[in-house]
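K.L.:
Please put together the full structure from these sequences, using the hints given.
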Amino acid sequence: MADIVLDKVTKKYPDGTTAVHEIDLEIADGEFIILVGPSGCGKSTTLNMIAGLEDISSGELRIAGERVNDKAPKDRDIAMVFQSYALYPNMTVGENMAFPLKLAKLPKAEIDKKVAEAARVLELTEYLGRKPANLSGGQRQRVAMGRAIVRSPKAFLMDEPLSNLDAKLRVQMRTQVSRLQKQLNTTTVYVTHDQTEAMTLGDRVVVMRGGYIQQVGDPQTLYDNPVNLFVAGFIGSPSMNFLPATVEESVLRTPLGDLPLNDRLRRSLSGADAPRQLIVGIRPEHFEDAALIEEHQRAKGFEFTMPVDLVESMGSDKYVYFTVEGERAVSADLEDLTADAGGADLPPQDNLVTRLSAESRVRDGVDARVWMNLDKIHLFDPGNGHNITLNEGQDAGVATP
Amino acid sequence: MSVLSREKAASGAEAAPRAGLSEGKKQERRLGWLLCAPAAFVMVAVTAYPILYSIWLSLQRYDLKFPENREFIGLANYVTVLSNDYWWTAFGVTMLITVISVSVELVLGMGLALIMHRTIIGRGLVRTSALIPYGIVTVVAAFSWRYAWTPGTGYLANLFSPEGAPLTERASALAIIIFAEIWKTTPFMALLLMAGLALVPDDLLKAASMDGASWWQRFTKVMLPVMKPAILVALLFRTLDAFRIFDNIYVLSAGANETSSVSMIAYNNLMKGLNLGIGSTMSVLIFLTVAIIAFIFVKLFGTAAPGSSDDEGRR
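First to last, the protein sequences are chains A and B.
Take 1 as the starting number for the first sequence in our numbering and just add one per residue.
Take 1 as the starting number for the second sequence in our numbering and just add one per residue.
To be clear, the hints were calculated from the coordinates, so they are not data collected in a lab.
A couple of the hints might just be wrong.
Once the Cα atoms are required to be at most 30 Å apart in a straight line, the calculated DSS-like pairs of lysine-lysine come out as [as the list claims (entries may be wrong)]:
#, chain 1, residue 1, chain 2, residue 2
1, B, K221, A, K108
2, A, K74, B, K228
3, A, K105, B, K221
4, B, K221, A, K71
5, A, K113, B, K299
6, A, K102, B, K228
7, B, K221, A, K114
8, A, K168, A, K108
9, B, K299, A, K105
10, A, K74, A, K8
11, A, K102, B, K221
12, B, K228, A, K108
13, A, K318, A, K300
14, B, K299, B, K228
15, A, K102, A, K8
Beta-carbon label-pair distances, calculated as ranges [as the list claims (entries may be wrong)]:
#, chain 1, residue 1, chain 2, residue 2, range
16, B, G111, A, E26, 55 to 61 Å
17, B, T220, A, S136, 48 to 54 Å
18, A, E110, B, L82, 57 to 63 Å
19, B, L82, A, K113, 55 to 61 Å
20, B, P38, A, D15, 46 to 52 Å
21, B, K299, A, G137, 30 to 36 Å
22, A, A339, B, V44, 46 to 52 Å
C-beta: ideal position from N, C-alpha, C; glycine also.
P.N.:
Spelled out as structure tokens, the structure:
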């Protein structure tokens with residue numbers, strides 16, 4: 001049990017590339033923190049530095065208040081779960097779990113007790129005598145977890161531990177990991193590239209990109225108040241819609257029509273350096289079928305009519321897709337996101353994704369009247385990607401460059 | 001051969017995956033046999049015939065100096081050879097050379113493999129230079145060692161034994177032979193072991209160091225077990241090779257002072273003595289010994305190696 005503090009931790013490789021830029025992060029005792037970001041964002045490097053598997057180029061790493069920069073991994077008293085599970089193929093499940101305890105020279109009786117206990121918690125008791133090769137993916141994953149928990153270490157580090165499982169098993173294991181962490185109440189640093197995993201597991205989520213921390217916060221904060229275009233687009237599925245916008249007199253001109261400026265937006269735009277060209281961001285669930293909106297709500301939003309491309313009925317609600325004519329929102333952040341998603345996870349940008357109530361009667365190919373909630377829209381500066389609608393009073397975490 | 005045919009059959013199966021059940025299976029098997037027929041034919045032509053012929057010769061009294069005395073005598077040649085001290089001395093020498101050189105090569109080869117595996121700067125240079133001894137023709141290398149140990153002119157002889165002639169004394173001659181053998185084939189061992197090292201996933205070593213293993217514990221408890229199949233293959237190859245040692249001894253001591261290996265005395269009887277019966281008997285005995293060594297190793301694989309048991313079958 002311990003807190004972990006990263007104080008301006010940097011990783012520079014001999015060839016001059018910097019993988020991690022002066023990261024500051026305080027992880028509280030017992031906290032479950034997620035490092036999330038596209039590949040190459042430095043999340044795994046950060047984890048390896050905490051583990052001691054990679055040297056820290058500069059800055060300080062403290063575990064339980066003690067500087068551990070120069071300590072070998074084995075002296076840091078932390079356990080790690082790898083994406084490949086890294087089980088010793090020549091040892092049985094029981095021997096795998098006992099390995100760290102044997103190395104710590106614990107008495108045999110105590111080792112047996114701890115292994116049996118861990119096996120019971122992870123429902124591995126009947127597999128203790130098997131070799132890893134004869135286990136399924138999910139069982140191997142549990143053995144890897146077991147090997148970590150038997151030691152009761154100061155902290156757990158997990159490097160995409162669920163990525164090798166198939167989708168259904170991943171969801172089950174996600175719950176199990178979460179429950180286990182709550183039960184053991186051990187500080188856990190968890191690396192993933194999957195934003196769903198990040199949102200569902202963590203007490204707090206750290207969004208990283210290009211070696212910098214973009215934002216740190218609890219999942220809801222990241223979702224409701226992303227500090228920039230990157231976080232806004234990365235968190236949430238389906239992701240936020242982005243539209244180009246221009247500030248005119250008292251309206252915001254967008255491909256959907258002229259949005260009236262309410263007080264909140266007016267305040268955001270009143271800053272001296274507020275740009276005239278903007279990117280509007282709005283999440284799919286902040287649209288609704290205009291027919292289902294109550295009168296007192298109607299005034300808070302903006303209505304437009306558009307032909308429906310496609311309706312996907314999910315039962316609980318409907319995803320309705322529209323094609324937006326005209327320019328696309330352009331920004332470096334958005335390009336990064338598209339590149340990371342391979343263009344596949346994100347809707348093509350001329351698509352508008354909306355999530356309407358299941359009662360909505362909209363149909364393919366027919367014009368639909370749609371209401372959008374102006375209170376929920378975000379305005380971003382296309383130049384630096386900053387969210388200019390972020391309330392100053394809100395604690396939305398740090399945003400380094 | 002059985003491995004070969006199994007592989008061929010497997011590739012045949014891939015070629016015709018949609019074949020029906022019984023008829024398809026039959027066809028598959030026929031394809032398998034057809035595919036390995038050329039290789040099998042060559043094997044029979046170049047190995048089976050000479051082996052069978054030498055077994056046939058070993059059952060006869062057949063000395064080219066007295067060709068008129070040629071006669072079928074059953075196992076009498078085997079009795080002669082196996083009750084002869086000369087044979088058993090050579091057998092002991094061969095065993096000694098094999099055991100010592102292979103064990104030293106294993107240790108040195110492992111070290112070399114680790115160095116080659118871990119080197120980051122000048123990797124190509126390190127690997128190339130390590131392989132140089134193996135690239136030199138054995139006879140050429142053996143001659144250079146012989147000159148180096150020749151009293152008066154050789155630098156090693158002058159350095160280590162200015163008085164005596166090391167190649168003319170049994171113990172020192174054997175030591176030099178073993179040394180030359182080790183110098184020559186350690187790179188080969190290292191190469192095979194390096195392939196084994198590549199089998200050890202980095203994550204496994206990282207996990208071991210997180211689990212608290214020291215360098216030595218990571219090596220003995222994680223790397224060696226994972227590498228075991230590769231180590232066994234390397235040992236098998238080298239043991240079989242070392243047991244047939246010939247050229248180094250031929251050049252360095254010519255088998256004088258009881259430094260002959262079994263291959264040497266077989267050669268002497270066959271080629272110098274022209275005694276086809278006794279020489280063939282010795283050849284057959286060498287063949288049998290090699291087969292026994294291989295059998296022991298393969299049995300060891302069967303029981304201990306992962307991959308061959310259903311241990312790792314599901315991978």
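K.L.:
Now tell me if each hint is right for this structure.
P.N.:
Evaluated hints:
Annotation: proposed proximity of K221 (chain B) to K108 (chain A) holds, straight-line Cα distance about 18 Å (limit 30 Å). With a CA separation close to 26 Å, the supplied pair K74 (chain A) and K228 (chain B) stays within the 30 Å bound. Between the alpha carbons of K105 (chain A) and K221 (chain B) the distance comes to roughly 15 Å, so the proposed pair stays at or under 30 Å and holds. For the given pair, K221 (chain B) sits about 22 Å from K71 (chain A) by alpha-carbon distance, which is consistent with the 30 Å threshold.
Under the criterion of a C-alpha separation no larger than 30 Å, the hint pairing K113 (chain A) with K299 (chain B) is inconsistent with the structure, at around 37 Å. This hinted pair checks out: K102 (chain A) and K228 (chain B) have alpha carbons roughly 22 Å apart, not beyond 30 Å. Between K221 (chain B) and K114 (chain A) the alpha-carbon distance is near 21 Å, which keeps this suggested pair within the 30 Å criterion. Of the pairs offered as hints, the one joining K168 (chain A) and K108 (chain A) is violated, with about 38 Å between alpha carbons and a cut-off of 30 Å exceeded.
For the hint linking K299 (chain B) to K105 (chain A), the alpha-carbon distance of about 35 Å lies beyond 30 Å, and the restraint is violated. Between K74 (chain A) and K8 (chain A), the direct Cα distance comes to roughly 23 Å. Compliance with the 30 Å bound is thereby established for this hinted pair. Restraint check: the Cα-Cα separation between K102 (chain A) and K221 (chain B) comes to about 12 Å, which is no more than 30 Å; the hinted pair holds. Proximity of K228 (chain B) to K108 (chain A) is assessed by CA-CA distance (about 27 Å); at most 30 Å being required, the pair is judged to hold.
Distance restraint check for K318 (chain A) and K300 (chain A): the Cα-Cα separation of roughly 22 Å lies within the 30 Å cut-off, and the hinted pair is therefore satisfied. Among the hinted pairs, K299 (chain B) with K228 (chain B) is consistent with the structure: their alpha-carbon atoms are about 14 Å apart, no more than 30 Å. Among the hinted pairs, K102 (chain A) with K8 (chain A) is inconsistent with the structure: their alpha-carbon atoms are about 36 Å apart, more than 30 Å. The hint said 55 to 61 Å for the Cβ distance between G111 (chain B) and E26 (chain A), and at roughly 45 Å that hint is violated.
With their beta carbons about 30 Å apart, T220 (chain B) and S136 (chain A) fall outside the hinted range of 48 to 54 Å. For E110 (chain A) and L82 (chain B), the hinted distance range of 57 to 63 Å is satisfied, since their beta carbons lie about 59 Å from each other. Look at L82 (chain B) against K113 (chain A): about 60 Å separates their beta carbons, and that is inside 55 to 61 Å. At about 50 Å, the beta-carbon gap between P38 (chain B) and D15 (chain A) stays in the expected band of 46 to 52 Å.
Taking the beta carbon of each, K299 (chain B) and G137 (chain A) are about 34 Å apart, inside 30 to 36 Å as hinted. The hinted range of 46 to 52 Å is not satisfied by A339 (chain A) and V44 (chain B), whose Cβ atoms lie roughly 60 Å apart.
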